[in-house]
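Protein chains: 2
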Amino acid sequence: MPRLVMKFGGTSVANLDRIRRAAKRVGVEVANGYEVIVIVSAMSGKTNELVGWVDEISPLYDAREYDAVVSSGENVTAGLMALTLQEMDVPARSWQGWQVPLKTTDAHGQARIEEIPTENLDAKFNEGMKVAVVAGFQGISPEGRITTLGRGGSDTTAVAFAAAFGAERCDIYTDVDGVYTTDPRIEDKARKLDKIAFEEMLELASLGAKVLQTRSVELAMRYNVRLRVLSSFEEMSDTAGTLVCAEEDIVEKNVVAGVAYSRDEAKMTLISVADRPGIAAAIFGPLAEAGVNVDMIVQNISEEGRTDMTFSCPVDQVARAEKAMHATKEAGEVNFHDLVADTDVAKVSVVGIGMRSHAGVAAQMFKALKDDGINIKVITTSEIKISVLIDRKYMELAVQALHDSFGLEKAA
Amino acid sequence: MPRLVMKFGGTSVANLDRIRRAAKRVGVEVANGYEVIVIVSAMSGKTNELVGWVDEISPLYDAREYDAVVSSGENVTAGLMALTLQEMDVPARSWQGWQVPLKTTDAHGQARIEEIPTENLDAKFNEGMKVAVVAGFQGISPEGRITTLGRGGSDTTAVAFAAAFGAERCDIYTDVDGVYTTDPRIEDKARKLDKIAFEEMLELASLGAKVLQTRSVELAMRYNVRLRVLSSFEEMSDTAGTLVCAEEDIVEKNVVAGVAYSRDEAKMTLISVADRPGIAAAIFGPLAEAGVNVDMIVQNISEEGRTDMTFSCPVDQVARAEKAMHATKEAGEVNFHDLVADTDVAKVSVVGIGMRSHAGVAAQMFKALKDDGINIKVITTSEIKISVLIDRKYMELAVQALHDSFGLEKAA
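Chains as they are written, first to last, in the numbering used here: chain A, 952 to 1363; chain B, 952 to 1363.
Hints are supplied without guarantee of correctness; some may be wrong.
[Claimed, not checked] Derived list of chain A stretches under chain B, where covered just means 3 residues or more per stretch with a C-beta under 8 Å from a C-beta of chain B:
(1) 1009 to 1018
(2) 1038 to 1048
[To be verified] Below, a list of computed lysine-lysine pairs in the PhoX-like style, where the Cα atoms sit at most 25 Å apart:
(3) Lys-1054(B) / Lys-1075(A)
(4) Lys-1344(A) / Lys-1140(A)
(5) Lys-1140(A) / Lys-1361(A)
(6) Lys-1204(B) / Lys-1161(B)
(7) Lys-1204(B) / Lys-1054(A)
(8) Lys-1140(B) / Lys-975(B)
(9) Lys-997(A) / Lys-997(B)
(10) Lys-1054(A) / Lys-1054(B)
No wet-lab data here; the hints were simulated from the structure.
Remember, predicted model here, so these are calculated numbers, not experimental data.
Just so you know, even glycine gets a beta-carbon here, dropped at the ideal spot from N, CA and C.
One chain only, chain A, in its complex shape (with noise of 0.2 Å):
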């Protein structure tokens, strides 16, 4: 019987009513004829007051205790989805992590998953049951302690739910519709994608589009995974939500799928470094040292033995960056004449895997900006996407014009 993973965010599953809702959805699908295995996450609010709760006690907890208090809200999720289903009339029962088991790493709060045996679950799907439940975002480490998987812990389960058992597809629902070409409050006439390459998500994903974790998204390439990310709260469709798939699977594709941005960044430059074989690293080993987030990083050209190295990171980072590096000068590692930090920056960047095939696209994004007077400040691109850094105040109209220029409001 052909199997389906379906994961309910926090608020698809906020209250009994909207449990109700979910738990029809997976009554369609098992009267379509799948198995499903349904990931939960805690209803919404409640993982929150429990991490409040250790917070209060001990800023410095012991993690495998925090573990054990943080995953309680998704087994009372997964045991109220299956009661739902069982009042529907549906085959069903929860699971916790460890009754799978979901076996992880010991890294509490943030574990990696490292096998799921498919034996417990194909055992009872054997015997009769249409649905298993199971508690997100949770394991089980080698000690049999209770581990959780950090961020985004519950897509990353669904998708490797979906990967032990062969599932046709892994459905996300969420309280978004689907994967937009750009953020539709900035522009409104962003489209939803019907299908985007896995590639392309990953960028979107971790250039600030919060609909899906890049964890699970990566998880998804590396088996082959198709993702679909739709809403909970529309009618039920085969075309509903966005389809994250492999590039092959998609036939019909614009150049640029889409248009991201990232508001908060700072712009840094070393004026006049000694120019000189290790200089990069001596710089930025230093500001990894120092916890700072190095994005971008573009080096002019040298002249006479010297050079100009600038570089981004989050706004918030340039204190950090600032004392690392003068710490660097007095320790005589690096010698720069001085240090200039622009904190009114924003990126932008155009994503889509066309790029790999079609020229022109920089120049097309290049030409779009000068056309609104939007002075380009850094450049960085890599093979299915170009990033500028900007004026922050340029943001929003950088994100229409591009958005515009590429024609993202038709399909292709």
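Please arrange chain B on chain A, whose structure you already have, making use of the hints.
The following block gives chain B in isolation, referenced to the frame of chain A:
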């Protein structure tokens, strides 16, 4: 190292402040040289919230899912208590029922404890753990699913751990400061008992004193676990609370230990029943099948082959009892002239192991009631208890009269 079990009920762990106060008590016992097993209930109100959700979803719920849901409250408290102890530099960790493992039958919702292997906790005590915080009320079935132990399950968990780990004593922290000679709300001269025998506590518990659950007292008696009931809201002291222990550990004793009552009783009389062998079975078999909890039974002296049969049951089961009796009459199984229900009665009992060796307790009881003009409707006795059914309006007067007559305001 000597061991102690300390159990904290829902009101004693109702919020982080109270958990901190409970943890301080645990810390004192650790400083006294004990290895401590702490059994915790859910924060007060939490279990009711969970039960409410389950009931709302399905009146005829799957008890296995019920258990998975309602057991989560204790897990939260266990983790929070362990964190609080760690914050006080007491080496502690939490254990959920399945981690111990506390093995039970598969009678979900009212499982019985089968076995508590000590290896896992002992290994951690040997590594230097001073406190094992165990989630009460829950265990694991032979099939590997979560079970709960039913009403008062956390008291039972505590006593079972005390027996399994050979604890010196099992302290039950609650919101009352001990066991009283009678209900202080009815008799303001009621006196807290320093000690009470298991048998007496059992009678008082089953007669409606709500301090300890009957099952936990039975278990304590069977394994000779010294049980102390005390308040978590009073100063710590060696003489706090009431010690429930074996009869031989109590040197000085009143003949009567306490006066118990049960308010909502009904008295039913089958008038003019054919008196033949097997008539009692013919009556009480169908009542048991109908779920009527028959308590006292009295058969009047039979005349000319007919007799009156009187019994008592909870007042809310009268309709059920009437229906069952009329059905047996129609089926020709029991023939009676009339069925009379008196729904305005209450039961008052005196309890004391001293009665075994002391004649005249019944006579003294009946005289005390007579002196206050209270008519006795039914009498039953056991080795250490005398119960009477009286008009409900005299119940409080009767409790006071008996408390006074047996001198319970003074210790022996």
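Consistency of the hints with the structure:
Coverage of the segment 1009 to 1018 of chain A by chain B holds [criterion: at least 3 residues with CB-CB distance below 8 Å; count 6]. Beta-carbon proximity to chain B at under 8 Å applies to 4 residues in the segment 1038 to 1048 of chain A; the threshold of 3 is reached and the given coverage holds. Note on Lys-1054(B) and Lys-1075(A): the hinted pairing holds, with a Cα-Cα distance of about 22 Å set against a maximum of 25 Å. This hinted pair checks out: Lys-1344(A) and Lys-1140(A) have alpha carbons roughly 20 Å apart, not beyond 25 Å.
For the hint pairing Lys-1140(A) with Lys-1361(A), the CA-to-CA distance comes to about 9 Å; that is within 25 Å, so the pair holds. Proximity of Lys-1204(B) to Lys-1161(B) is assessed by CA-CA distance (about 22 Å); at most 25 Å being required, the pair is judged to hold. With a CA separation close to 58 Å, the supplied pair Lys-1204(B) and Lys-1054(A) exceeds the 25 Å bound. Taking the CA atoms of Lys-1140(B) and Lys-975(B), the gap is near 33 Å; set against the 25 Å cutoff, the hint is violated.
Using a Cα cut-off of 25 Å, the hinted pair Lys-997(A) and Lys-997(B) holds, with the two alpha carbons roughly 12 Å apart. Straight-line distance between C-alpha atoms of Lys-1054(A) and Lys-1054(B) comes to about 23 Å, which keeps the hinted pair within the 25 Å bound.
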